[in-house]
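Chains as they are written, first to last, in the numbering used here: chain G, 1 to 242; chain W, 1 to 283; chain D, 1 to 317.
These aren't lab readings, by the way, just hints derived from the structure by calculation. Given the structure is predicted, the values throughout are model-derived calculations rather than measurements. All residues carry an ideal CB built from backbone N, CA and C; glycine is no exception. Treat the hints with caution; some may be incorrect.
Said to hold, decoys possible - In silico SDA-like links for lysine to any residue, alpha-carbon gap of 25 Å or less: (1) W:82 - D:165; (2) D:105 - W:123; (3) W:85 - G:140; (4) G:219 - G:110; (5) W:82 - D:291.
What the hints assert, rightly or not - Some residues of chain D that are not near chain W, with every Cβ distance over 12 Å (derived): (6) 27; (7) 52; (8) 127; (9) 149; (10) 169; (11) 184; (12) 222; (13) 225; (14) 243; (15) 276; (16) 292; (17) 302.
Stated by the list, open to error - If you only want the chain D side, here are some residues facing chain W, beta carbon under 8 Å, derived: (18) 104; (19) 201; (20) 291.
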Amino acid sequence: MSSLLVLDNVVKRFGGIVATNGLSFHVDRGESLALIGPNGAGKTTIFSLIMGEHRQNSGTIKLNGEEISNLPTHKRIQKGVARTYQVPRPFSEMDVAGNIRVGMMPDNLWQMITRGADPDGELAIARSVGFRDADLSRKPSELSMGDLRKLELARTLATRPEVMLLDEVFAGLTVGEIEQISHLLAEKRKQGLTYIIVSHDLRALEPLVDRAVAMTFGKAIAEGSFSDVMDDEAVRSAYLGQ
Amino acid sequence: MLQVLIQGFLLSGLYALIAVGFTLIFSVGRVLNLAYGAYLMIGGYAYFYMVQTLGMPKLPGFLFAIGMGALAGVLMYRILVKRLKGDQVAVEISTLILAVVIQAGIVLVFNDSSKILHPIVDGVWRIGSTTITNNILVAMVASWFILGGLLLFVKKTHVGRAMQAVSMDAKGARISGINTDRVNMMTWAISGALGAVAGVFFASYTQLNPSMWVAPLIIAVAVVIVGGIGSIVGTLIVAHIIGFMEIITTTFIAAELRGVFTMLLIIGVLVIRPQGLFGRGDL
Amino acid sequence: MPRLLLAWAAFAVIMLLLPQVVSPGTLRIIIFANFLAIFAMSWDFISGKTGYISFGHPFLIGIGAYTSAILSYRFGVPVSLSIPLAVLATMIGGTLFFLPALRIKGTYFALVTLAFMELMYQLVQVIRPDLTGGTRGISGIKTILSGAVPNFYLSFGLMFAIALALWLLSRTRIGTALDAISMNEEAVSGSGLNTTRLKLFAFMVSALVAGLGGAFYAHYLGSIAPRALFDINFVFTIIVSALIGGSSTVIGPIIGAYFMTFLLEYLRPVLPGSERYLVYGLIALVLYVYQPKGIMELLRKLGVRAGGGRTGRAGNV
Ligand SMILES: Nc1ncnc2c1ncn2[C@@H]1O[C@H](COP(=O)(O)OP(=O)(O)OP(=O)(O)O)[C@@H](O)[C@H]1O
Ligand SMILES: [Mg+2]
């Protein structure tokens with residue numbers, strides 16, 4: 001079986017900084033993968049490259065066997081990737097429903113004009129990430145960090161991704177919120193969603209993933225089951241060395 | 001040919017002088033002050049009032065103009081720009097509105113007829129068949145001195161280095177103990193003063209009228225955009241590109257088309273190389 | 001929605017009855033306000049909605065005005081044909097205007113549009129002055145109707161139709177998507193939407209409205225001149241109307257245009273010359289700095305207070 005998303009030998013430089021340095025990894029359909037590494041390892045950069053927000057200097061990125069490196073961001077979303085951001089940046093003047101509405105829109109001007117929004121669909125997505133019905137008309141400025149992360153998830157899920165890239169979904173959350181989001185991801189995983197998750201909260205990460213890739217200075221240094229990767233000598237020294 | 005060369009240098013010097021104060025604000029405060037042209041107007045009219053209405057000597061008139069420009073800069077910063085907290089678009093829109101307000105204020109005080117400013121320095125120079133007024137010659141020399149002085153000021157003085165620090169990384173500068181608010185205010189004052197100086201020369205080169213702020217603003221915008229953010233040397237180079245192109249267009253093509261090249265340059269550079277020809281240099 | 005439609009209908013009825021009660025002089029002021037409202041709505045559809053600030057809107061308006069004026073005055077093309085052609089020309093011009101938006105935004109985009117306007121100002125005077133009338137412009141352009149009352153109806157009808165169409169458009173999902181672009185353009189592409197196409201659409205709508213407004217304006221005035229048209233003061237009036245009224249709404253620019261036009265008129269006895277712009281500009285500046293969302297927001301706040309905190313969403317009224 002071929003993998004859903006495959007990165008091969010991806011290099012990205014920002015001026016003199018090499019953010020990813022010949023990185024390769026893959027994720028299979030239905031699999032969940034942890035991407036771990038110290039600050040500045042290049043995790044977020046990987047996500048931006050997959051999404052086409054930056055272009056790699058060399059290497060290939062394939063989704064479902066198709067090279068996507070030359071597609072603009074919105075095309076890649078349509079092919080089935082989506083990401084959340086480390087720092088949530090929702091549509092600030094729109095309520096929760098409106099944010100989800102943008103995620104759900106078809107990329108077709110005519111349909112955007114002639115067909116109305118789908119409030120039931122919006123509600124369903126909002127509920128699926130744990131919002132209550134009353135939350136739909138709340139503005140981002142009224143939401144807690146936990147709710148903002150949920151909104152990121154909801155907006156992303158609304159694009160019906162095949163593989164989701166989750167960047168620091170637990171950062172800045174309370175213990176209760178972490179539990180809530182973990183629960184939600186476990187649920188999605190059971191439903192067969194593929195995701196790559198980045199987090200510094202290794203304890204929260206462990207039960208959520210099938211496999212882990214550890215990286216530092218833009219290179220993968222270990223790959224395997226979560227516990228194997230955590231026991232790896234190089235990974236330990238990378239984390240201690242930061 | 002000699003004529004083109006001489007006139008090109010003279011005009012370019014004036015343009016560099018016009019643009020430098022605008023560049024300064026853009027690089028330190030990262031905002032475009034669309035009321036910059038109003039400093040030139042304020043400077044020109046202040047000088048006119050002192051020297052030609054009150055009949056004072058030229059030097060105090062000149063100093064008065066500089067003072068008014070600096071004051072205008074400080075007031076703009078304190079009352080308007082600081083309040084908008086770096087929201088670039090809001091600063092642009094509100095300074096544009098302010099420029100129109102100042103224009104109307106000038107009309108109220110001086111009425112809207114054009115006024116001729118006597119040359120600041122009398123006499124003419126002759127090189128071959130070309131005559132040049134001492135006035136514009138002085139403007140060019142002054143412009144070189146001012147640019148050189150500014151470069152030294154920025155590189156060598158304490159305040160100048162603080163300005164440089166803020167221009168590169170405002171947050172970092174604040175953390176390392178620089179009073180960014182004071183630095184910004186100083187920058188606005190200096191920019192206002194520079195604008196006023198340029199205004200006196202510009203007005204004596206053309207004339208005084210309440211809509212005279214638009215043309216220099218566009219020149220300043222062009223220089224900054226084409227030169228890249230906040231490079232004094234870039235300012236100088238681009239001022240010469242624009243100045244020479246205008247003279248060449250006027251001499252060899254048609255006088256009416258002199259501004260067309262500038263506009264095309266702005267559009268072309270912004271679309272093809274938004275960071276400017278000389279990139280994002282330090283001050 | 002039905003209640004809002006009722007409000008639109010009430011607005012129309014009041015305006016249509018207006019000629020019965022006010023003098024022709026006042027009507028002429030309102031005619032001007034109607035045109036200003038059209039220009040402000042056009043500006044707002046690019047700048048208020050998507051956040052791409054245009055400082056050169058007269059570029060578009062001017063294409064509309066000049067095209068129709070030249071066609072009808074120089075070539076005797078009937079107005080019923082020259083206006084649609086003018087709109088078409090403006091939309092082509094709008095595409096040109098749009099190109100920079102592919103690469104730059106914010107400050108830089110605003111400046112390019114300003115450069116476009118200045119370029120147009122200079123070119124109109126030099127290129128084919130036999131057509132454009134050069135510096136002096138064109139006068140004696142065929143008017144569509146004569147008299148204050150018919151022109152009032154015409155300008156109001158045009159303004160109202162445009163407003164209603166834009167309002168309906170902004171209530172669809174495309175309105176939501178355009179609003180979203182001004183808040184976070186990356187996240188809009190991240191939602192799988194082609195932002196380039198969305199922006200192009202907004203520009204085309206804006207150009208269409210500007211072209212219509214410009215062409216009808218030329219035929220109302222009977223004359224056009226480059227200095228009055230491609231003027232930074234004109235830009236200022238348009239932007240201020242939209243901002244003062246309330247950006248990113250449809251009613252906002254209309255309220256703003258009426259407010260600013262009447263303010264200017266009421267200042268006339270006190271300050272007869274262009275000094276009026278001093279007071280006018282100051283009011284605009286204070287309003288903008290203290291209430292960037294404009295009169296609409298002030299009214300809404302008052303309404304909320306008066307209505308005991310009614311939370312009905314203002315939406316894109
Ligand atoms: N747009 C950019 N321009 C320049 N350098 C960048 C840019 N984005 C990232 N970098 C650099 O690339 C390297 C990798 O950054 P990245 O954000 O991918 O790390 P990360 O693993 O996500 O770190 P963190 O755990 O702190 O989020 C860093 O050195 C960073 O400074
Ligand atoms: Mg990161």
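Hints, verified against the model:
Among the hinted pairs, residue 82 (chain W) with residue 165 (chain D) is inconsistent with the structure: their alpha-carbon atoms are about 39 Å apart, more than 25 Å. For a cut-off of 25 Å, the pair hint linking residue 105 (chain D) to residue 123 (chain W) is broken: about 48 Å separates their Cα positions. With a C-alpha separation of about 22 Å, the suggested pairing of residue 85 (chain W) with residue 140 (chain G) holds against the 25 Å cut-off. Under the criterion of a C-alpha separation no larger than 25 Å, the hint pairing residue 219 (chain G) with residue 110 (chain G) is inconsistent with the structure, at around 45 Å.
Between the alpha carbons of residue 82 (chain W) and residue 291 (chain D) the distance comes to roughly 16 Å, so the proposed pair stays at or under 25 Å and holds. Listed as a non-interface residue, residue 27 (chain D) keeps its Cβ farther than 12 Å from every Cβ of chain W; the least gap is roughly 27 Å. Against chain W, the non-interface label of residue 52 (chain D) is violated: not every CB pair exceeds 12 Å, the least being about 10 Å. The Cβ of residue 127 (chain D) sits about 9 Å from the closest Cβ of chain W, inside the 12 Å cut-off, so the non-interface label is violated.
Under the 12 Å C-beta cut-off, the non-interface status given to residue 149 (chain D) relative to chain W holds; the minimum distance is some 33 Å. Every CB of chain W lies more than 12 Å from the CB of residue 169 (chain D), the least distance being 24 Å, so the non-interface label holds. For residue 184 (chain D), the condition that its CB be more than 12 Å from all CB atoms of chain W holds, with the nearest at approximately 15 Å. Annotated as non-interface, residue 222 (chain D) keeps its C-beta farther than 12 Å from every C-beta of chain W; the closest such distance is 25 Å.
Every CB of chain W lies more than 12 Å from the CB of residue 225 (chain D), the least distance being 15 Å, so the non-interface label holds. The Cβ of residue 243 (chain D) does not lie farther than 12 Å from every Cβ of chain W; its closest approach is about 7 Å, which violates its non-interface assignment. Its closest Cβ contact with chain W, about 7 Å, brings residue 276 (chain D) to no more than 12 Å, contrary to its assignment away from the interface. With a cut of 12 Å on Cβ distances, residue 292 (chain D) falls inside the contact zone with chain W, its closest approach being about 7 Å.
Non-interface status of residue 302 (chain D) relative to chain W is upheld: no Cβ of that chain comes within 12 Å, the nearest being about 24 Å off. Interface hint at residue 104 (chain D): satisfied, since its Cβ lies 5 Å from the closest Cβ of chain W, which is below the 8 Å cut-off. Violation of the interface hint for residue 201 (chain D) is found here, the shortest Cβ-Cβ separation to chain W being roughly 21 Å, above the 8 Å cut-off. With 8 Å as the threshold, the beta carbon of residue 291 (chain D) stays out of range of chain W, its nearest partner Cβ sitting at about 12 Å, so the hint is violated.
Hints 1, 2, 4, 7, 8, 14, 15, 16, 19 and 20 from the earlier list are contradicted by this structure; the remaining hints agree with it.
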